[in-house]
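Protein chains in written order, with the working numbering: chain A, 1 to 380; chain B, 1 to 364; chain C, 1 to 244.
Check before you lean on any hint, since a few could be wrong.
To be verified - The list that follows gives simulated cross-link-like pairs (lysine-lysine, DSS-like), each with its CA atoms no further than 25 Å apart:
| hint | chain 1 | residue 1 | chain 2 | residue 2 |
| --- | --- | --- | --- | --- |
| 1 | A | 35 | B | 197 |
| 2 | A | 210 | A | 374 |
| 3 | A | 210 | B | 3 |
| 4 | C | 210 | B | 212 |
| 5 | A | 18 | A | 323 |
| 6 | B | 212 | C | 222 |
| 7 | B | 11 | C | 61 |
| 8 | A | 26 | B | 362 |
| 9 | A | 61 | B | 169 |
| 10 | C | 140 | B | 199 |
| 11 | A | 26 | A | 226 |
| 12 | B | 362 | C | 61 |
| 13 | B | 362 | C | 112 |
| 14 | B | 14 | B | 197 |
| 15 | C | 222 | C | 210 |
| 16 | B | 197 | C | 112 |
| 17 | C | 84 | A | 212 |
| 18 | C | 140 | A | 210 |
| 19 | C | 114 | B | 11 |
| 20 | C | 112 | B | 3 |
| 21 | A | 26 | A | 323 |
| 22 | B | 91 | A | 212 |
| 23 | A | 35 | B | 11 |
| 24 | A | 26 | A | 61 |
The hints are simulated quantities; they were obtained by calculation from the structure and are not laboratory data.
Being a predicted model, the structure only gives us computed values, none of them experimental.
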Amino acid sequence: MSSGPWLEMQKEESKRMKQFISFIRKEFYHIFRDKRTMMILLAMPIILIILFGYAITTEIKRAPIAILDQSRDEVTQKMIDHLSASEYFELYTMVNSEAEGQALFRQGKVRLLIIFPAQYASSPDASVQLLADATDPNEATQLAAYATAILSQVKVETINSPLSTATAITPVVSLLYNPLMKGAYNFVPGVMGLILILICAMMTSVGIVKEKEIGTMEVLLVSPMKPVYIILAKATPYLLLSLVNIATILSLSYFLLGVPIAGSLTLLVSVSILYALVSLCLGLLISTVADTQQAAMLVSAVVLMLPVMLLSGMMFPIENMPKILQVLSNIVPARWYISAVKDIMIKGLGARAILPEISILAGMAVFLVALSVKRFKIRL
Amino acid sequence: MLKYLLEKEFKQIKRDSFLPRIIFLLPILQLVILPFAANFEMRNINLSIVDNDHSVLSQQLREKVLSSGYFNLVDVSAKYDEALTSIESNKADIILEIPFRFEERLGREGGAEVLIAANSVNGTKGGMGSSYLSSILMDFNQEKGLSPAAGQMGGIRVTNLFNPHLNYKIYMVPGIMAFLLTIIGGFLSALNIVSEKEKGTIEQINVTPVPKALFLLSKLIPFWVIGLFLLTIGALVAWLVYGLIPVGHLGIIYLFAAVYLMAFTGFGLAISSISSSQQQAMFTAFFFFIIFLLLSGLFTPISSMPEWAQALTRFNPVRYLVEVMRMVYLKGSSLADMSGHFAIICLFAVFFNVLAVLSYRKNS
Amino acid sequence: MNVIETEQLTKRFGTFTAVDHISFSVGEGEIFGFLGANGAGKTTAMRMLCGLSTPTSGSGKVAGFDIYKETELIKRHIGYMSQKFSLYGDLKVWENIRLYGGIYGLPEKRLKEKTDELLRVLDLEHERNTLVDALPLGWKQKLSFSVAVIHEPRIVFLDEPTGGVDPVTRRQFWELIYQAAQRGITVFVTTHYMDEAEYCNRVSIMVDGKIEALDSPAALKKTFKADNMNDVFRALARNAKRGE
């Protein structure tokens, strides 16, 4: 009977499969039993999207200002009214001397001090002084610009000079892809990159190192299961968890923030899985290097989290960085992932346009798998 | 009793293969890399120019734009569509299109339009880029005598106080020092007690008559010392790399840091006490830290936040220290100027440590 | 005089009753064996007596102090050695001794003498500066025990102190126990080695959270008509529902 050994093999195979599935079940059980960590992992993307979407903005709104009015005439009064009515400023207080204003600066109460000279309305040469708290240079620059615009406008209106209609070049500005300039277009891909690293790399590495610390890893490794399957079983729950989070992030950004998904959803999910795979490998690699959970965590934080936040272009434009950091950002997987996600989601580009990103991520995955499998055999 | 417990903690930290290195490396890494990375100064915006006119004037305009220092010319395209391809492939951020018969039209019709198209996927960049370009055009208009000078609109003099060169790094460095203290004080302590739980060593301590508060104190003091040591390294790096020395009194910084570290170590110890595994402690701490960090005003101004978020920042200890560091370092604020901040940080210190003592249980 | 007294002591975790209304007492200077299969509730009962766990109901006194309200007072008069090795592995042998001696308030001079004395008794003088993690299990156990009695407590609680060590080391370990008992320290010890039960003055046998028998080994053997403690235990544990 030639089918005998074949049947045997089939049986063996299905036995393996059962083992594997029961193993995955055990991993799920481990992760889901820790209710608080689960809650945090599920809530984290929601909170990040809300904070980035609504709270984190550099737009100037109602900056507190102080005014020293030494003139007290109609023009300055009108200027003060206009300033307070503007959405950019909020009149914190009127002051009686410059020293008083300086004290407010030192207490961090106001951002801008506007000084009107005496007899301002009657002396056309007198100039208004704007003292800006330039500790935050961007804010100071913008505040000064807004205040200048408001003051100039009032002055033109009151002096009632006919507006000059000389010939001029006028710019017509159009913003591509994102007419409302919502930051969402920029941070949603970033949040996805961050969350995937957090779950796939950080949790995996800490999870495996914990088993190493307690000594249960040795028990697993002497079991008939191949190490590859052990690792696969450990990775599966994290992979599923991160897919749930990707779904949360995408639906929040679509329904809450109104970010369209211009390109193909399938492509988006495939790229995310590829990136998750790279993250898992990174986590695995860290677990072969670190001996304690604290070490695994600190290495993940320093080597993975910080670069994702800093060098991926999520919060800070890469172009502003010195060359060396720009070069360094090339080895951060998140950078390529985020760039691919932006292209798919916002620009609606297809697979061909993001071919470089895909091949770089795939290359990283292959390299990391090879490296960690090699290290895994030696170290564990 | 405290003496013996402290001896133990310090020996353990010293023997840890990892901790001392991290303690030394972290401030240097963060203070050297972060300010360069977290730089909102807008430079090197990649520009693609479409010049359909090829006149003397359009050539002058191009030179004017490039000499501003904000832009980086990536390509000069023949057609708008080509420039758009550069944007799609992320080579260019912004397009300046000069129309056909630009110079001629300007002379004859008394006005001409140029097109600015910005990739605003990165909102700040698109916005800043197009406003830089617009203001360069205004300057260009004035130079060429095409419109009245802004100076005639009424004199307005702007003075930038405290950071006259508008250096963004100088703004970031003191804030990052505050963040550093937060990480060390909070994160390491959050993992400490729970790691004793996992190892089982806490059992042996719990069965001794050591009072809870004393045991926690023996955990708090080492992190407190490490934190102040880190602050010193941080201040040295700030001085050596950025030439930054506080305008105000260095003593004030240490005073605030001392109380603040107590607060955050207490916070970390409380998390550690209520956690059953290091993984759990880590994610709990991480959860709070990311909220604290984003709502601290370190990266974006608090006054720009919506009402509800501003209200939340009042309960965020990180916010107060970031403000204090910037105020002392750049403005030279005195203790009296910041008495409110001091009172609040003290309150946090008391609150978190009481929380830690209450949440640490010697029995179950 | 009794140093441990319990009355209907119970501990539940949810619907699971780990310790089910146990009442017993231990006299001063006794070596009291607390026997039972794995999962019978020995460790839980011991943790309640040490003030590590609050009982669900029932009452108890250890060294004259209430196990609900005066746990911190109890802790001054007891020593404890947990099942899982719980000294600091990243501290040296002498540093562990110093730490616990210091915690129990031994003065600096006495601490030095005590450290030397302990190392001599344990024959660990040459390992003084070894990190505890690097010691073999048997030595770790002996060190744990010595640390647990460093302050000459009235009672010492030992949870499976000889688990996993070789017969020779077990023998030496019991010698340490006897020496402690001679100094007047009451020994409360859990074990599942039935031959060790023979060394005790009295033993209790726990099955499924309840104490099923309590007497001297000789009396128990007589009651159950058995040759050794192992058979006594088998007779009692036959009906156990819990187990490994």
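Hint check against the structure, violated hint numbers in rising order: Violated: hints 3, 4, 5, 6, 7, 8, 13, 16, 21, 22, 23, 24.
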